[in-house]
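Chemist: Sequence:
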Amino acid sequence: MNEKIEYILNQLTDKELAYFLKFKVPTYVKTTQTDILKYIEYKRKITKSQLFSLIDKDEITSNKEFLICKRCGSDKMFAYDVKWHIPITHFNAENEFASLYQRATGKDYNKLKVECFVCGKIIINPNNERLSFWEKLLKFLSLSILS
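Each residue of the sequence shown is one higher than the last, beginning at 1 in UniProt numbering.
No lab work stands behind these hints, which were simulated from the structure alone.
Cβ atoms here follow ideal geometry from the backbone N, Cα and C, with glycine treated the same way.
Treat the hints with care, since some could be wrong.
Derived DEER-like restraints, expressed as beta-carbon distance ranges [what the hints assert, rightly or not]: (1) Y101 x N125: 37 to 43 Å; (2) T34 x A79: 26 to 32 Å; (3) I124 x V29: 25 to 31 Å; (4) A79 x L141: 33 to 39 Å; (5) I46 x R103: 51 to 57 Å; (6) F97 x I124: 16 to 22 Å.
The calculated lysine-lysine pairs, modelled on BS3-like cross-linking and capped at a C-alpha distance of 27 Å, are [stated by the list, open to error]: (7) K38 x K22; (8) K4 x K48; (9) K83 x K24; (10) K76 x K4; (11) K43 x K76; (12) K15 x K43; (13) K70 x K15; (14) K107 x K83; (15) K15 x K48; (16) K15 x K30; (17) K4 x K15; (18) K76 x K38; (19) K83 x K113; (20) K30 x K121; (21) K121 x K83; (22) K24 x K45; (23) K83 x K48; (24) K43 x K24; (25) K121 x K15; (26) K113 x K15; (27) K48 x K30; (28) K121 x K38; (29) K121 x K48; (30) K121 x K70; (31) K45 x K30; (32) K121 x K111; (33) K48 x K38; (34) K70 x K113; (35) K15 x K38; (36) K107 x K76; (37) K76 x K22; (38) K111 x K83; (39) K24 x K4; (40) K24 x K48.
Please model the entire structure based on the sequences and the hints provided.
Modeler: Take a look at the structure:
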């Protein structure tokens with residue numbers, strides 16, 4: 001087994017490992033999936049059904065003051081830059097700055113997207129911010145007029 005994979009799996013609690021197995025393992029290539037399943041069976045000495053029973057308990061509790069995943073309760077996150085699509089219906093200083101930045105430099109304005117490492121749930125997506133009813137209406141009308 002790859003030492004990096006084993007190191008990462010050693011950092012996960014049994015509950016985190018259960019969510020990792022359910023949501024993330026299927027996204028890996030078959031050889032990596034096999035390595036992870038062998039690790040669970042031989043190193044952790046726990047069955048898949050025992051792990052999945054931890055998911056069924058569905059109790060997410062944390063006394064930590066920073067971000068936790070609402071799906072699995074983990075605090076293991078990673079962030080990366082994504083191109084921010086500037087909303088045309090939000091009028092604020094950040095949007096104006098981003099627009100000026102793009103025009104002046106010719107480069108995309110990036111923002112951080114935060115994802116749970118354990119289950120893959122998107123925690124913060126700058127391109128999917130919630131809009132109020134009036135903002136949605138204005139966006140719909142502006143798109144209707146433009147098309």
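Chemist: Each hint needs a verdict: does it hold in this structure or not?
Modeler: Structure-based check of all given hints:
For the hinted restraint 37 to 43 Å between Y101 and N125, the CB-CB distance of approximately 20 Å leaves it violated. Between T34 and A79 the Cβ separation comes to about 30 Å, which falls inside the hinted range of 26 to 32 Å. Restraint check, I124 to V29: a C-beta distance of roughly 28 Å satisfies the suggested window 25 to 31 Å. Here the CB-CB span from A79 to L141 is close to 34 Å, well matched to the stated 33 to 39 Å.
One distance hint, 51 to 57 Å for the beta-carbon pair I46 and R103, holds here, with the actual separation near 55 Å. Taking the beta carbon of each, F97 and I124 are about 19 Å apart, inside 16 to 22 Å as hinted. Taken as a hint, the K38 and K22 pair is honoured in the structure, with Cα atoms around 15 Å apart against an allowance of 27 Å. Our distance criterion of 27 Å between C-alpha atoms is met by K4 and K48, whose separation comes to about 22 Å.
Proximity of K83 to K24 is assessed by CA-CA distance (about 24 Å); at most 27 Å being required, the pair is judged to hold. With a CA separation close to 16 Å, the supplied pair K76 and K4 stays within the 27 Å bound. With a C-alpha separation of about 21 Å, the suggested pair K43 and K76 falls inside the 27 Å cut-off, and the hint holds. Only pairs whose Cα atoms come within 27 Å are accepted, and K15 paired with K43 is accepted, the gap being roughly 16 Å.
The hinted pair formed by K70 and K15 meets the criterion: a straight-line CA distance of about 14 Å does not exceed 27 Å. Taking the CA atoms of K107 and K83, the gap is near 10 Å; set against the 27 Å cutoff, the hint holds. Note on K15 and K48: the hinted pairing holds, with a Cα-Cα distance of about 11 Å set against a maximum of 27 Å. This hinted pair checks out: K15 and K30 have alpha carbons roughly 23 Å apart, not beyond 27 Å.
At most 27 Å may separate the alpha-carbon atoms for a hinted pair to count; K4 and K15 meet this at roughly 20 Å. Distance restraint check for K76 and K38: the Cα-Cα separation of roughly 23 Å lies within the 27 Å cut-off, and the hinted pair is therefore satisfied. Simply put, K83 and K113 have alpha-carbon atoms about 10 Å apart, close enough for the 27 Å limit, and the pair holds. Restraint check for K30 and K121: satisfied, since their Cα atoms lie roughly 22 Å apart, inside the 27 Å limit.
Taking the CA atoms of K121 and K83, the gap is near 19 Å; set against the 27 Å cutoff, the hint holds. About 20 Å separates the Cα atoms of K24 and K45, which keeps this hinted pair within 27 Å; it holds. Our distance criterion of 27 Å between C-alpha atoms is broken by K83 and K48, whose separation comes to about 38 Å. The suggested pairing of K43 with K24 holds, with an alpha-carbon distance near 19 Å, which does not exceed 27 Å.
Only pairs whose Cα atoms come within 27 Å are accepted, and K121 paired with K15 is accepted, the gap being roughly 16 Å. Of the pairs offered as hints, the one joining K113 and K15 holds, with about 24 Å between alpha carbons and a cut-off of 27 Å not exceeded. Between K48 and K30, the direct Cα distance comes to roughly 17 Å. Compliance with the 27 Å bound is thereby established for this hinted pair. With a CA separation close to 25 Å, the supplied pair K121 and K38 stays within the 27 Å bound.
The suggested pairing of K121 with K48 holds, with an alpha-carbon distance near 21 Å, which does not exceed 27 Å. Restraint check for K121 and K70: satisfied, since their Cα atoms lie roughly 8 Å apart, inside the 27 Å limit. For the given pair, K45 sits about 21 Å from K30 by alpha-carbon distance, which is consistent with the 27 Å threshold. Between K121 and K111, the direct Cα distance comes to roughly 18 Å. Compliance with the 27 Å bound is thereby established for this hinted pair.
Restraint check for K48 and K38: satisfied, since their Cα atoms lie roughly 11 Å apart, inside the 27 Å limit. A hinted pair counts as satisfied when its Cα atoms are at most 27 Å apart, and K70 with K113 qualifies at roughly 16 Å. In summary, the hint linking K15 to K38 is supported, as the alpha carbons are separated by about 17 Å, within the 27 Å threshold. Taken as a hint, the K107 and K76 pair is broken in the structure, with Cα atoms around 31 Å apart against an allowance of 27 Å.
Our distance criterion of 27 Å between C-alpha atoms is met by K76 and K22, whose separation comes to about 16 Å. At roughly 7 Å between alpha-carbon atoms, K111 and K83 fall within 27 Å of each other, so this suggested pair holds. Taking the CA atoms of K24 and K4, the gap is near 16 Å; set against the 27 Å cutoff, the hint holds. Restraint check: the Cα-Cα separation between K24 and K48 comes to about 14 Å, which is no more than 27 Å; the hinted pair holds.
Checked against the numbered hints above, the structure breaks hints 1, 23, 36 and satisfies the rest.
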